[in-house]
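Asks: Note that the working numbering has the sequence shown beginning at 1, numbered continuously upward.
Simulated from the structure, these hints should not be mistaken for laboratory data.
Accuracy of the hints is not assured; some may be wrong.
Each pair of labels, with its calculated beta carbon distance range [as the list claims (entries may be wrong)]:
id, residue 1, residue 2, range
1, Lys-77, His-125, 54 to 60 Å
2, Lys-391, Pro-718, 32 to 38 Å
3, Asn-70, Gln-44, 26 to 32 Å
4, Ser-393, Lys-77, 43 to 49 Å
5, Ser-327, Asp-573, 22 to 28 Å
6, Thr-33, Lys-129, 32 to 38 Å
7, Lys-270, Lys-493, 46 to 52 Å
8, Arg-415, Gln-244, 29 to 35 Å
9, Lys-129, Ile-49, 47 to 53 Å
10, Asp-228, Pro-26, 32 to 38 Å
C-beta: ideal position from N, C-alpha, C; glycine also.
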Amino acid sequence: MKKLVLSGFLASEEIYINQLEALLLPIRPLKATATTSQPVLTIQQIETIFYKIQDIFEIHKEFYDALLPNIQQWDEKVTVGHLFQKLNIKVKGPKDSKDCTTTISMEALLYKPIDRVTRSTLVLHDLLKHTPKDHPDFPLLQDALRISQNFLSSINEEIDPRRTAVTTPKGEARQLVKDGFLVEVSEGSRKLRHVFLFTDLLLCAKMKKAAVGRHQQYECKWYIPLADLTFQTLDDSDSCPSIQVVPEHELEEMKIKISVLKSEMQKEKKAPKGQSRVERLRKKMNEQESWLLTHSPTIPFRIHNKHGKSYLFLLSSDYERSEWRESIQKLQKKDLQACVLSSVELQVLTSSCFKLRTVHNIPVTSNKDDEETPGLYGFLHVIVHSAKGFKESANLYCTLEVDSYGYFVSKAKTRVFRDTTEPQWNEEFEIELEGSQHLRILCYEKCYDKSRLNKDDNEIVDKIMGKGQVQLDPQTVQSKNWHMDVIEMNGIKVEFSMKFTSRDLSLKRTPSKKQSGVFGVKINVVTKRERSKVPYIVRQCIEEVEKRGIDEVGIYRISGVATDIQALKAAFDTNTKDILVMLSDMDINAIAGTLKLYFRELPEPLLTDRLYPAFMEGIALSDPAAKENCMMHLLRSLPDPNLMTFLTLLEHLKRVAEKEPINKMSLHNLATVFGPTLLRPSESENTKGQHITSASDIWSHDVMAQVQVLLYYLQHPPISFAELKRNTLYFSTDV
1 MKKLVLSGFL ASEEIYINQL EALLLPIRPL KATATTSQPV LTIQQIETIF YKIQDIFEIH
61 KEFYDALLPN IQQWDEKVTV GHLFQKLNIK VKGPKDSKDC TTTISMEALL YKPIDRVTRS
121 TLVLHDLLKH TPKDHPDFPL LQDALRISQN FLSSINEEID PRRTAVTTPK GEARQLVKDG
181 FLVEVSEGSR KLRHVFLFTD LLLCAKMKKA AVGRHQQYEC KWYIPLADLT FQTLDDSDSC
241 PSIQVVPEHE LEEMKIKISV LKSEMQKEKK APKGQSRVER LRKKMNEQES WLLTHSPTIP
301 FRIHNKHGKS YLFLLSSDYE RSEWRESIQK LQKKDLQACV LSSVELQVLT SSCFKLRTVH
361 NIPVTSNKDD EETPGLYGFL HVIVHSAKGF KESANLYCTL EVDSYGYFVS KAKTRVFRDT
421 TEPQWNEEFE IELEGSQHLR ILCYEKCYDK SRLNKDDNEI VDKIMGKGQV QLDPQTVQSK
481 NWHMDVIEMN GIKVEFSMKF TSRDLSLKRT PSKKQSGVFG VKINVVTKRE RSKVPYIVRQ
541 CIEEVEKRGI DEVGIYRISG VATDIQALKA AFDTNTKDIL VMLSDMDINA IAGTLKLYFR
601 ELPEPLLTDR LYPAFMEGIA LSDPAAKENC MMHLLRSLPD PNLMTFLTLL EHLKRVAEKE
661 PINKMSLHNL ATVFGPTLLR PSESENTKGQ HITSASDIWS HDVMAQVQVL LYYLQHPPIS
721 FAELKRNTLY FSTDV
């Protein structure tokens, strides 16, 4: 790694030296004309324009020549820290160094030498990461890093007057500490705001619509001095506005629409004159993603001005909420004084926000370049092993989040490990990724004190002990093997492993030759062997979920622990005698996951490959009577074991949805979870007759229709097997 980092830096040094050489070429002829009667530039102008170029060139050439042989004859024990020390001390130069170089642009002329120091600072960070502490190079590299960081901070102080456009009451410079887009609930509706946290106040702004060609500007909606800011306690929540939550199925539908638009845009980009249509689609996608961004968050973050108003933001993740809270509390530890800004000061501060902001674009994919990584689609398998570094025993658990459509979603939660400083979870989860680029792990201490529980569903009262995130690098994650990693958070280390399955692999149904067991075996083979109408596994899982999982929030949506699901799968496959005991002891999400896995692994879907095209056509009919006739006739055409199993599952899912106020699972949510599982055709059918460019195309292409088919039957009055079969006489024609 160390050699790799240095080789990359050496290559960029070579380019830089060539640029400096190119700049040195005109100096001699220019100096020669300076003393003639018709000078192109005076000596003074040449000195200003080509300031210190010769010196900078020599310093970097000397550094390059010293580093090159070390890399050509690489040796583990080699030390390079002294070269960086020398480079940084020399580059530092005199106080007046307005260094300038390269021929790219005016801006580049001014910042390039500084940019090299920034670059070498990053390289030093990487080198330290891959140098053992007992290596002789370690202290040298540390010292080189200290020199270059001091240099950069002195430069920042010199060139930072714009950040001090307004001074605080104590005469200190007001710095921007953090900013980002948050959803505010204002006058009963959700508004996207850009929030700026300065060293002494929090400012909430809205982007003003700018006239063509004009710079965009912010308009201040409100601000609170940090000296007056408090976080609302749970007891105050009565006075809070109620949060309008958008039903989950509307969010799911919007995601599918966005996926469809994305694949349309990909096709249009390849078309000869598709550019104008691409722009129209991009605009539409931007609107839809912005809607999703505004309506998805549900976690309240309440802020209070102790002399007046309260404000409510909604965030998509507890991670962001704790980051904002921690940043504010850290600043509040300083001796802050309340401040009142005059309208002029407020205007100056608000207009400086545009230059100061660190988050420039609303986090939607339509704002990103196509070259940017589109993220991963498929399934991420994560094992949360253990954690250490806790000072005292506690009841501990972890949650996992991944980003999707510009915000983070909580996808899994480990069990609570009671009264320990070293929890050993060793739990595996399968997490679906939708264009995800990051995985976050949050570690909580469970609060069992009922008096602290809030009326508000989304208020998390458990205490965050630590949080961290890792980038999902496609190269690392996509290898077949598990990749082990550690996240360090507030002195706590959480060990986990992960691997990734792309969506095209995870969507395949594999035709099975095996006759024993139940997973991956044709449903009629299982029912015949068991002499049953509905497979035993389906009946048992349904019975257990109805007994103790029907009130579980997110039942069938929250993933169960993969190792538990695999244990149940093995037990059902080998027909173990202890299945009933295992079921009664097992976490209910694992049982729900086993049922979903059974349907997913059927060699052909429960509603069959043969009838799939007809289901797709039937659901698209607009005449209600024709649709009813067609959809009922399709059910009659199913083989008996498939039909009986489907009707059993249908009635079960309706009973689950009756408890929606408690378990938050509507008919539409359940249709979203089970539709593709029951209908998605096997590989040969999936690709027959349609040109599919990518896995996400398959996904968005049919998934909406698959959900609609199941939803149709879930919303239908009860369907009885006997009644259906009685009517077969009238509909004897085949589909």
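Asks: Evaluate each hint against the coordinates.
Replies: These are the hints, each one checked on the structure:
no. : hint                           : result
1   : Lys-77 to His-125: 54 to 60 Å  : 21 Å, violated
2   : Lys-391 to Pro-718: 32 to 38 Å : 57 Å, violated
3   : Asn-70 to Gln-44: 26 to 32 Å   : 41 Å, violated
4   : Ser-393 to Lys-77: 43 to 49 Å  : 44 Å, holds
5   : Ser-327 to Asp-573: 22 to 28 Å : 51 Å, violated
6   : Thr-33 to Lys-129: 32 to 38 Å  : 51 Å, violated
7   : Lys-270 to Lys-493: 46 to 52 Å : 47 Å, holds
8   : Arg-415 to Gln-244: 29 to 35 Å : 33 Å, holds
9   : Lys-129 to Ile-49: 47 to 53 Å  : 39 Å, violated
10  : Asp-228 to Pro-26: 32 to 38 Å  : 60 Å, violated
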